[in-house]
Amino acid sequence: MIRASLALAARALRTSLRRPQFLAPLLLFPSMFLAVNTGGMARATELPGFGDVNGFLDFQLAAAMTQSMLLGGVTAGIATALEIEGGFFDRLVASPVPRAALLVGRLIATGAIAVFQVLWFLVIGLIFGAEIEGGVPGALVVILLGIFGGIGFGAIGMLLAFRAKNASTVQGIFPLVFVVLFVSSAFFPRDLLQSPASWIADYNPLSYIADGLREPIIRGVNAGPVLEGFAAALLIIVVAGGFALLALRNRLREA
Amino acid sequence: MTAAQNLRVILALSRRALNEILRVPGGAIPGVLAPAIFMVGLSGVFGAASQLPGFDASDFRTFIVPVGMLQGAGFTGAATGVNLARDIERGWFDRLLTGPAPRIVLLIGIVSSASLRALLPATFLLLLALALGVHVQSVPGLVLAFLIVMLFAAALACWGCVVALRFGTQQAAPLMQIVAFASILFTTAYAPEALLAGWLADIASVNPVTYVLEGVRQAFVYGLTWDRTWHALLALALLLLALGSGAIAMMRRVGR
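Here the protein sequences line up with chains A and B, keeping their order. For the first sequence, the residue numbers in my numbering are -5 to 249. For the second sequence, the residue numbers in my numbering are 4 to 259.
Possibly wrong hints are sitting among the right ones.
In silico contact screen, one side only, chain B against chain A (beta carbon under 8 Å); selected entries [to be verified]:
1. Pro33
2. Val48
3. Ala51
4. Leu55
None of these hints come from the bench; they were simulated from the model. Just so it is clear, the structure is predicted and the values come from calculations on it, not from any experiment. We put the CB at the ideal spot given by N, CA and C, even for glycine.
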């Protein structure tokens, strides 16, 4: 099982690297938003209740990471759906590969890509003047939480792929990425969001992942927000991963 | 071909593009939905920014409506390029080229269809904004805003045509969309120029779309002034001249 999962993860990574047109949007779109949000809302930190931060760029880094990982989840779903459409998935199913490895392999690859995504934004942040208050341990916590978040969003993408079975439907989810981001505290402090975004954000796991990624950057490694971030990511992994396994089983039964 | 025949070709191509909305209404949904999500989402997230000193709108939602309208026009322009790429892939465009219509007439037909289609997201966003309590400053300002939206969609459609004719594949769609998206966001989209970070204020001041956006904003924020109007129309003229020239050059080269 482990060997099959790692082999499938390596294959998924190789395929992703061969098609940079799929990977580029994961970095380009969030980087563009990071630039525009930071430049356009530079004075937002002066708002009463914003909290003490070195700059709006520091605050926005977690938003860019979260957005990028969400897009990574959609990309993992599209890649899976393309394999289903192209027939490769059926060939895998016909082989003696354990069923769960089909899911776990792709999720390991998504987690590995998440490391690269988080590092990208940390480096961009440092180049443009952000400070990581938590230092090296803080950066490591951000990367680790990024892996958990990336795997969780990848599980959502795979669940969609197993249910939809075609890439265009999964691609149609793209605008929803922004909807769930806008009703979270990824871009702005929860207390300053307008209603109804403010109260939806309280129940949105994305808020806790974004806050968990943000805490080591703007304040330091504080157990509360970081542990909440890990708990939210784990919740997504368990729920979405569980439903994805069920969807996979249903799909195999139909086949 | 006579002028009347050319006009008939332009009308036929525009009608064909409009027919797509009726035949495949689902295809028009992303172009309407995406700017609406951004407009409502951004005002929910950054709404408190209107409390900043120097923010010259009553609320953030009013300030961001014109951004949504231009995004709708931008997406429509990019979609026109994607549709042209699809026609190239399927061979339909080759059949058009073998017809007697001059190439520039074909281009005008394709681009003018974008202007008409841009009215759909703009109207939807206006109705949504009104339902959410946004006020319109003046009816002439609103008429001008719709005119600007149509011309902006035409300019972005020219860009879409350049990319479609250069690459001949729908896979080039992100290139069409990201330019439309970035050109609108690297302006005074989020805040007045005085509140932008220095580097973004510098980009916004040389980005012609800033003046286009401020032209649309007259309908909701400032009220109609001659100064903002001619700046917007001049910026649009420059955009149309630059991108239209590129599209005409590509049209002349294609298939030869």
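Comparing the hints with the structure gives:
1. The beta carbon of Pro33 of chain B comes within 7 Å of a beta carbon in chain A, closer than 8 Å, and the hint placing it at the interface holds.
2. At its closest, the beta carbon of Val48 of chain B sits 5 Å from a beta carbon of chain A; the interface hint therefore holds under the 8 Å criterion.
3. Using the Cβ-Cβ criterion of 8 Å, the hint placing Ala51 of chain B at the interface with chain A is satisfied: the shortest such distance is roughly 4 Å.
4. Annotation: Leu55 of chain B was flagged as interfacial toward chain A, and the flag holds, the nearest CB pair being 5 Å apart, inside 8 Å.
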